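Colleague: Each chain is listed here by its residues.
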Amino acid sequence: MKPPILSVRDLVVEFPTRRGTLRALDHVSFDIAEGEVLGMVGESGAGKSLTGAAIIGLLEPPGRVASGEIWLRGERIDNLPREKMRRIRGRRIGMVFQDPLTSLNPLYTVAEQLIETIRTHMDVSDKEARTRAVALLDRVGIPAAARRIDDYPHHFSGGMRQRVVIALALAAEPELVIADEPTTALDVSVQAQIIDVLKEICAERGASVMLITHDMGVIAETADRVAVLYAGRLAEIGPVRDVIQNAEHPYTAGLMGSIPTLTQTAARLTQIPGSMPRLNAIPQGCAFNPRCTKAFDKCFVEQPDLIARPDGRQVSCWLYDAQEKEVSHG
Amino acid sequence: MTAFILRRLVQSVIVMLTVALVAFALFRFVGDPIASMVGQETTLAERAELRAALGLDDPFLVQFWNFVARAATGDFGISYRLQQPVMELILSRLPATLELALVSGILAFVFGVGFGVYTALRRGGWASSTIMTVSLIGVSLPTFLIGVLLIWVFAVELQWLPSFGRGETVYIGDWWRTGLLTESGRASLILPAITLGLYQMTLIMRLVRAEMLEVLRTDYIKFARARGLSNRAVNFGHALKNTLVPVITITGLQMGSIIAFSIITETVFQWPGVGALFINSVRFVDVPVMAAYLMLIALVFVVINLIVDLLYYAVDPRLRVDRANARH
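Residue numbers (numbering that gives the first Met the number 0), protein chains in the order written: chain A, 0 to 329; chain B, 0 to 327.
Quick caveat, the hints were computed from the structure, so don't treat them as lab data.
There's no promise every hint is true.
Some, not all, of what chain B presents toward chain A, calculated at C-beta under 7 Å [as the list claims (entries may be wrong)]:
#1 6
#2 19
#3 218
#4 222
#5 225
#6 228
#7 231
#8 235
#9 237
#10 240
#11 241
#12 316
#13 317
Bear in mind that the values here come from a model prediction, so they are computed numbers and not experimental data.
Using N, Cα and C, we set each Cβ at its ideal position, and we do this for glycine too.
Chain B extracted, bound-state conformation (with noise of 0.2 Å):
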């Protein structure tokens, strides 16, 4: 266990590395930064100084042991943009993007799994078909699509929700503003949620009850069946946990996703998080930013991925290799 531990950390450490040398190579490759700092009136003695004093003239790997080195210690400069250090910047926007991934992420579980088996176990009624063929739309509608007529529906039409930004917003703890504990805070999530979770939701339910109806056809459900279990016995303590094995992974590889692309949905729903805050930054290239960014999501990826091992491990015993070998 610990040593499977250990080396998924190794993993998780070239992963960043290689993310790192990506995200710092943005440094080099996107534009000048200097041009874009300065007006047009500069002389070039007054950018060779910038230059200098950003450390823009080291050698490729001294910058690039400078940024690893700094990045680890949760440091990524100062935006040009905003003139703030990154990591405050991106600390402060995080909150909305973590509630509203998190939100997401839980509604597109939760109704993705139960409509999976749902329309696993009622196979061929008409809630089940009706239920596969608005999948079909999640499924292939974009995002922003979905963004758009949400608002129109609910904002424009029916105004029964806010069609843009967090609503009133409270602090718990120093720095964690949160949405939740209000009512517009709450109001103002539910469309962006929606939007953002739908792909996800529709993605899980047809995992879901893929993986549902070929466990259903298995050996040991008709053999636990034929013990004369029942059916909720069957359906969901047997063949539930049997189908959520690779479900969990998928899943956790979504969530990523989901705090990775929400982007777009922030975009459309002027949200204040992070992704809001990358796409201003793209516009600007505010490099410090963009490359924090891009870290972060990949630590996102890490983190999840390791997460989700560690449950594989939990939920499947044939993994807990080392327990059989000490048996026999």
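One chain only, chain A, in its complex shape (with noise of 0.2 Å):
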């Protein structure tokens, strides 16, 4: 099996406060294959962004990686000088961001800011990136991409400023496209349009996608495994299928039974009681633990850690430890 393109181990971002030290995210760890789409759901305040922006070395301070590894292609970034690492954003991972209408620099012409793009890491002429530019954008469906190259940012759409984001994310053919929440901030209409291409172009190029979103009908149809975090820590991962249609962990169980269905009949969608604790207040053991309706005396006391699967996925939850299972029943 081939190496896979990131690989994120036991990684910790923590933020520290007068009223002590906030661990915004708690030892999580997952891969992203070569060419793959992981999905990444969960609560606002979860850690999903956070995860994207100290991959891409990009937390705003005080925040920081306290401890953990993150790998690109089985060379080690999280501890990269900034030069180094700066040279990776763009090159090698590339980024999306929510608001379209905020993500381009309002001043400059879209033609300014792709070729920028494109000659900070490609040793290209003008003219040379401008052609690359004007391919690009017709690649992700701007209509006339020659003329309109030269328009300023105010002068499209949302959606079709999301295209340009896109485009831009891309300009610099990254193996690693993270796309943080890239079509929260769209008309539904347009979210599937822009799913779409970020998903196509990706799939041509072999660039894999971490799609972090709180949309579980995008995720559904676009991933190929989804991780779930709740309270900065990961709860399961797995195939998209399987979590979907036979979530293991009791909170992912949750999360799937609040969607709503076509063929559903239910005059109420479930849904689970209480809120995410604070970061300033994770309870002892698993941070689900008060949430949860199987939570037993184990829950309370120990954080469970990721637990292989034999179906390929990975649960933190100590109902799946055959040991403590037996004796719980017992």
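Hey, can you piece these two chains together into the complex? The hints should help.
Modeller: Right, here's the structure in full:
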């Protein structure tokens, strides 16, 4: 098997504050294989975006990677000097942000921003860069790209701007694209198009995608595997179909139960009681224990690690720890 | 674009007319000029004669119209005090004020933007903290005090720089007397320029810093970093340009105030500029000069505002509305 494009090992991100250190990511580990689309889901504040920011090396101070390792195709990148990390950004890891209306600098034309990005990473002339830029815009579905390229961002609609953002993120042909809620700020009718464009182009170029979203529909249609984050910890990670149809972690199960489906006839959707704990009040043991209907003694004492399941997924829940299960049932 | 400029020009004319009205009102309400022009022994008949000769007994509207019509051609009458055409007086003093204002304006802008950017990028460093603290002094100390302090330190104690006047001046062309070409002229300019520009500099610096911090937090800066652009490109290419949009307006307006408020600095340093001329005119109720000065300052503000608007237009593509409409 080929080594994964991205490998995150026991990543811990902390925010030192006056009232103690907050642990925003707690030993998060996952891999992204070549050409794979990994969905990253979770509630607001679960640490999805933070994971993306940590990978690309743009955590906002005072946030910092406290421990753990991030490997990009066998090369460790979490401890690189700033200048080396900068060369990886855009060139090897591209990033698409949530709001296309604010992601583009309003004072520069699309051409200027694209050419600047291309020429930062590739040794090409201004003219070549422009040709590439037009081709890119054309590829992401901007009509009359050769003419529109000299327009300013405010001349484009939201959906079109997100296409421009995708073109910018992919300008230097990165191996990995981190898409941080790329459709949240868009009109529902445009969301599917943007996801399609992103997915197609990445597939074409063999780029892997880390798709951060809280839209399970997008995940179901787009991702190969999905990782569920809860309070800065990975709850479950596995192939999309398995996780959606047969969630193992009680939190994931609750999450899936709260999604309306076309065939469902239930009058009410199920909901998980309570809310995710704040970072300064994460309970001892499993972070989900106050809301879990299946919690037992051990859940309140010890934090579960990711447990590998026979079907290839991983769950961090004591229910699936064979030995414990027997004890609790016995 | 043309429509925009035309609209602005019409607005400017209205502003100028309003100021003209105020300036003209000076003639009627700041004492009786005849009383200050003649001696105690002058008879009433002689006074009435003088009044008629100067056109001071015409109806208000006639006088105002005459005033505006003449002002438009640059004729503000004759100074009561110096018995010279006002325009001539002002033109002979203007180079001194403009040179002072320009030099201090450039100093204020260059150092203001420089320090502002530095303190925004190196937030929390000791150098930034020092600059920020010192800038507080610049903001809070009144101009005349700064001038007097500078004179005390550099002219009296250290004796490095002259404390008053313009030094030697030479003529460029027929009437522009410059101090920039002689060594003593340049030396004389330093203290007044710092005095006049310090407040503006600290103001620009604080504005740039605040704007820059704001811009650095925006998504497009984050996205620019995520694309791997160099720090230099992000900070100076992307962040600074966006910072400068509002800064241009303030700096433009400040340039107007620098010229208008050079009065204090000119008085402290005995700088032979328009401001000093104005102060002396006030002392002698030399209304034509006061009125002309008022009009001149208004004109400066109007012209600077117009330039600022055009600059805005050049920097921010979002304002070029007609072009955008043409495309859609």
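Colleague: Each hint: holds or not?
Modeller: We went through each hint and held it up to the structure:
Checking residue 6 of chain B against chain A by beta carbon gives a least distance of about 22 Å; that is not within 7 Å, so the hint is violated. A distance limit of 7 Å between C-beta atoms decides the matter here; for residue 19 of chain B the minimum to chain A is near 39 Å, and the interface restraint is violated. A hinted interface residue such as residue 218 of chain B counts as satisfied when its beta carbon comes closer than 7 Å to some beta carbon of chain A; here the least separation is about 4 Å, so the hint holds. Contact between residue 222 of chain B and chain A, as hinted, is supported at the beta carbon level, the nearest pair being about 5 Å apart and thus within 7 Å.
Among the interface hints, the one on residue 225 of chain B holds; its C-beta lies about 4 Å from the nearest C-beta in chain A, closer than the 7 Å criterion. Given hint, residue 228 of chain B at the interface with chain A, holds; its Cβ is 5 Å from that chain's nearest Cβ, closer than 7 Å. Because the beta carbon of residue 231 of chain B sits about 11 Å from the nearest beta carbon in chain A, more than 7 Å, this interface hint is broken. About 13 Å separates the beta-carbon of residue 235 of chain B from the nearest beta-carbon of chain A, more than 7 Å, and the hint is not met.
For residue 237 of chain B, the interface hint holds, the least distance from its beta-carbon to any beta-carbon of chain A being 5 Å, beneath 7 Å. The beta carbon of residue 240 of chain B comes within 5 Å of a beta carbon in chain A, closer than 7 Å, and the hint placing it at the interface holds. The criterion of a C-beta within 7 Å of any C-beta in chain A is met by residue 241 of chain B, whose closest approach is roughly 6 Å, and the hint holds. For the restraint placing residue 316 of chain B at the interface with chain A, the shortest Cβ-Cβ distance is roughly 4 Å, inside the 7 Å limit, so the hint holds.
A cut of 7 Å between beta carbons decides the hint on residue 317 of chain B: the least distance to chain A is about 5 Å, and the hint holds.
Comparing the model with each earlier hint shows violations of hints 1, 2, 7, 8; every other hint is respected.
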